Structure formats: C-alpha cells, structure tokens
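Novice: Sequence:
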Amino acid sequence: MTVEKTVPVRALSRRSTLAIGGLALALGLGLSPAQAQQTVKVGLILPMTGPFASTGRQIEAAARLYMAQKGASVAGKTIELIVKDDTGTPDVTRRIAQELLVNDKVSFLAGFGLTPLAFAVAPLATQSKTPTIVMAAATSAVTEQSPFILRTSFTLPQVTIGIADWAAKNGIKKAMTLVTDYGPGIDAEKAFKERLTAAGGEVVGDIRVPLRNPDFSPFLQRVSETKPDALFVFVPSGVGAQFMKQFVERGLDKSGVRLIATGDVTDDDILDSMGDVALGTVTTHHYSAAHPSPENKAFVEAFRKAANTRPNFMAVGGWDGMHLIYEALKKTNGATDGTALVEAMKGMAWTSPRGPISIDAKTRDIVQNVYVRKVEKVDGQLYNVEFSTFEAVPDPVKAAK
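Residue numbering for the sequence shown is 46 to 446, as defined by our numbering.
Hint data in this document are derived by calculation from the structure and do not stem from the laboratory.
The model shown is predicted, which means the values in this text are computed figures rather than measured ones.
A virtual CB, placed ideally from N, CA and C, is assigned to each residue, including glycine.
Keep in mind that the hints are not guaranteed to be accurate.
List time: in silico DSSO-like cross-link candidates among lysine-lysine, alpha-carbon distance up to 30 Å [as the list claims (entries may be wrong)]:
| # | residue 1 | residue 2 |
| --- | --- | --- |
| 1 | Lys446 | Lys235 |
| 2 | Lys391 | Lys376 |
| 3 | Lys446 | Lys219 |
| 4 | Lys407 | Lys86 |
| 5 | Lys391 | Lys235 |
| 6 | Lys218 | Lys350 |
| 7 | Lys86 | Lys350 |
| 8 | Lys375 | Lys174 |
Here are the in silico distance ranges between beta carbons for each label pair [said to hold, decoys possible]:
| # | residue 1 | residue 2 | range |
| --- | --- | --- | --- |
| 9 | Asp321 | Ala445 | 33 to 43 Å |
| 10 | Lys419 | Thr84 | 39 to 49 Å |
| 11 | Gly425 | Asn215 | 21 to 31 Å |
| 12 | Glu239 | Pro192 | 23 to 33 Å |
| 13 | Thr434 | Arg267 | 25 to 35 Å |
| 14 | Ser262 | Ala113 | 41 to 51 Å |
| 15 | Arg267 | Asp382 | 52 to 62 Å |
Assemble the whole structure, with the sequences as input and the hints as a guide.
Specialist: Put into structure tokens, the structure is as follows:
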C-alpha cells in the first residue's frame with residue numbers, strides 16, 4: 046500500500062490518458078530507451094516519505110546492497126539506479142514513471158510499494174514496452190494489468206491460504222477477519238474465508254479498516270463482543286505495531302482470542318519494538334530474517350552492516366528484483382529491448398535469501414515457499430521462527446483460472 050477500489054485502469058482520468066498519449070508521441074519521435082546505450086538505467090519508484098516510507102527504505106537499501114555486492118556493471122553495461130519518491134500517491138507515481146521513461150530513458154521501472162502505485166504505471170509500461178518489476182505490491186491482479194509487469198514480492202492469496210490451513214488443523218472453528226480496505230486486504234479476506242470454510246470452519250465476521258490513518262479500536266471492540274476462536278489480520282508493512290498496541294489496549298491479548306495473520310503484521314522491520322505481547326503470534330509468509338539458510342544469514346549480516354537494521358520481506362523483494370534485472374541482461378547480452386528482456390525473465394529460477402523461487406512463465410508471478418512461523422525470542426530479540434513449510438506455492442488465484 047486503491048486502484049482496485051477507486052481508479053480502475055479502464056477508467057483512467059482524461060489527464061492520465063493525455064499523459065499516455067504524450068508518452069506514445071515521445072516514443073514515436075525516437076525518445077525510447079536507446080538500445081545501444083552503455084548505461085542501463087533502472088527507475089526505482091518508492092514511497093520514501095509518508096506512512097509507508099519503511100517500505101521504500103528497505104527496498105532501496107536492498108537494491109543498493111545487491112549492486113554493491115555484484116558490481117555496477119553487467120553484460121558490458123553500467124547499471125545506474127535512479128530512485129524517486131512517489132510519497133505513496135498513484136498520480137505522483139504515474140507522473141514520475143512518465144518522466145523516467147521520456148527524460149531519463151530508463152530501461153526498467155521497478156519498486157511500487159503499494160498496489161495502487163503499480164496499477165497507475167501499468168498502462169505506461171505497456172505503451173513503452175518497458176519491463177516493470179513489482180518488488181512490493183501484493184494484489185493478485187497486479188501482473189494482469191500489463192504483459193510487461195513481473196513480480197518478485199508475493200501475493201496475499203499466496204501467503205494467506207497456509208494460515209487458513211494451519212487454523213483448521215489447530216482447533217479454530219470460528220474466526221473473524223480484519224483487513225485493510227484495499228486490494229491486498231480484500232484478496233486476503235477472500236482467500237482466508239474460502240479456505241477455512243472449505244475445511245469446515247466458519248468466518249463469523251468480516252472487518253475492513255481504512256488504508257490511511259487507521260484506528261483499529263472500534264473494530265477491535267466488535268471482535269471483543271463476538272469472541273471468535275481467532276482473529277485473522279492483514280495490514281500493510283509498517284502498520285503492525287499500531288495494530289498490536291490497540292489489540293493489547295482492548296485486552297484481546299488476554300481474552301482467549303488467538304491472533305493469526307500474514308507476516309505483514311509481524312514485519313521484521315518493527316517486530317522487536319512491539320515487545321513481548323507479540324510472542325506466540327502465528328503467521329504465514331514468504332520471508333523471515335530468521336530463515337535458517339546460509340544465503341539468508343549472509344544477506345542479513347550484510348544488510349545490517351549496510352543499513353543498520355534487519356531486512357524485512359520488502360527488502361528481499363528488492364534484492365530479488367535486482368537479481369532478475371541482472372540475470373535478464375546477461376541473457377540478452379546487455380540488449381535492452383523490452384520484449385526480449387521479459388521473455389528472458391519468464392521461467393527464471395534461483396535460490397534467494399528466502400529460499401528457492403521462480404518466475405512463472407505464463408503469469409509472470411513469483412512461485413515460492415510459504416512458511417508457518419511463530420514469534421519467539423532468539424538471543425533476546427523477537428523473530429518470526431519458521432516451523433513448517435508449504436513448498437513452491439504459486440498465486441492460487443491465477444492457478445485456479
């Protein structure tokens with residue numbers, strides 16, 4: 046963190062349509078990214094200020110770390126990273142993307158901290174035939190908005206179905222859902238309800254809270270009155286601390302209502318600051334800073350040295366997004382034709398700090414392990430400790446089509 050609620054792609058404003066027309070004219074006049082440039086520019090558009098700034102900071106730090114470790118050249122070309130702050134506002138994202146394409150002649154667009162921001166750029170990616178790497182936004186439909194969009198983050202249905210399966214096997218018969226009211230939250234709500242119901246459980250209440258400036262207190266009062274076996278929660282990265290604080294203030298931590306969630310709630314970036322109230326929270330997600338692989342241990346150590354903090358799931362999306370760009374350029378021998386780059390990326394597989402991942406050749410979406418985790422203390426700090434794995438999980442929404 047929407048377009049899926051407020052600005053459908055098919056209903057772009059007149060100003061946006063004119064902007065796309067202007068881009069087409071500019072490209073028609075020969076201002077498209079030069080095929081033989083010795084510098085390959087990557088436009089990284091992120092929320093660096095505002096309520097979702099932690100997402101931007103994590104992704105930028107990971108992208109710069111990747112370049113520092115792998116070098117700033119690939120296939121004979123110098124890589125230049127151009128970072129722009131869209132403040133988490135779709136109109137700003139669209140304007141910045143157009144400027145990067147026409148003025149800076151970038152060969153890649155990347156970043157996109159929230160779904161509305163990725164949706165805003167999709168028509169420009171299609172018009173300019175520019176590979177667009179989504180490193181954060183997690184609504185299932187994002188990759189369907191343009192044939193030039195690929196994703197290295199995750200989808201909410203992908204990481205939600207596991208917690209529903211876990212709940213059904215662990216005595217949770219009646220649950221409520223509380224999600225942020227935009228695309229990913231709606232995806233999570235639907236996936237959890239369908240999966241738990243199919244396993245014989247029941248969702249006795251659905252709650253949606255505003256994306257910006259959420260106050261969870263009145264909604265948690267409803268949970269307190271209903272007394273479900275569990276409350277399933279999704280909130281965007283960075284908002285989990287506020288939710289947890291109000292969960293405790295309402296006394297729900299002592300009410301017998303089990304808190305289960307996707308890993309956004311116990312985001313590694315803020316988890317340790319939540320305090321012991323987070324202990325025991327069970328979540329499912331695709332990355333934990335405590336993931337016990339040698340690749341992740343090296344990644345966490347290097348990230349701490351470079352950014353003075355632990356990486357979260359946004360950081361690994363940025364790291365793998367840069368890997369996808371580098372490896373695609375190797376396949377094309379440095380050529381920056383957008384169609385050729387996208388074809389090179391389809392089906393690519395590698396070992397990430399999060400575990401084995403691949404890009405589905407048909408959907409251009411990520412396939413990855415999803416882990417069941419519990420918040421525990423490790424060497425005096427809170428971590429999401431994995432204890433079970435769902436292997437090679439695709440986006441279930443696309444898989445069902």
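Novice: Does each hint fit the structure? Answer for all of them.
Specialist: We went through each hint and held it up to the structure:
Restraint check for Lys446 and Lys235: the C-alpha separation of about 16 Å stays at or below 30 Å, so the hint holds. For the suggested pair Lys391 and Lys376, the alpha carbons sit about 11 Å apart, so the restraint of at most 30 Å is met. A threshold of 30 Å between alpha carbons decides the hint, and for Lys446 with Lys219 the separation of about 29 Å falls inside it, so the pair holds. Pair hint Lys407 plus Lys86 holds up; C-alpha atoms about 27 Å apart against a cutoff of 30 Å.
In summary, the hint linking Lys391 to Lys235 is supported, as the alpha carbons are separated by about 28 Å, within the 30 Å threshold. For a cut-off of 30 Å, the pair hint linking Lys218 to Lys350 is broken: about 45 Å separates their Cα positions. Restraint check: the Cα-Cα separation between Lys86 and Lys350 comes to about 26 Å, which is no more than 30 Å; the hinted pair holds. Between Lys375 and Lys174 the CA atoms are separated by roughly 19 Å; this keeps the pair inside 30 Å, and the hint holds.
Checked against the hint of 33 to 43 Å, the pair Asp321 and Ala445 passes, with Cβ atoms roughly 40 Å apart. Restraint check, Lys419 to Thr84: a C-beta distance of roughly 46 Å satisfies the suggested window 39 to 49 Å. At about 28 Å, the CB distance of Gly425 to Asn215 agrees with the hint of 21 to 31 Å. Evaluation of the 23 to 33 Å hint for Glu239 and Pro192 yields a pass: the beta carbon distance comes to about 28 Å.
With their beta carbons about 34 Å apart, Thr434 and Arg267 fall inside the hinted range of 25 to 35 Å. Between Ser262 and Ala113 the beta carbon distance is about 43 Å. The supplied range of 41 to 51 Å therefore holds. Here the CB-CB span from Arg267 to Asp382 is close to 54 Å, well matched to the stated 52 to 62 Å.
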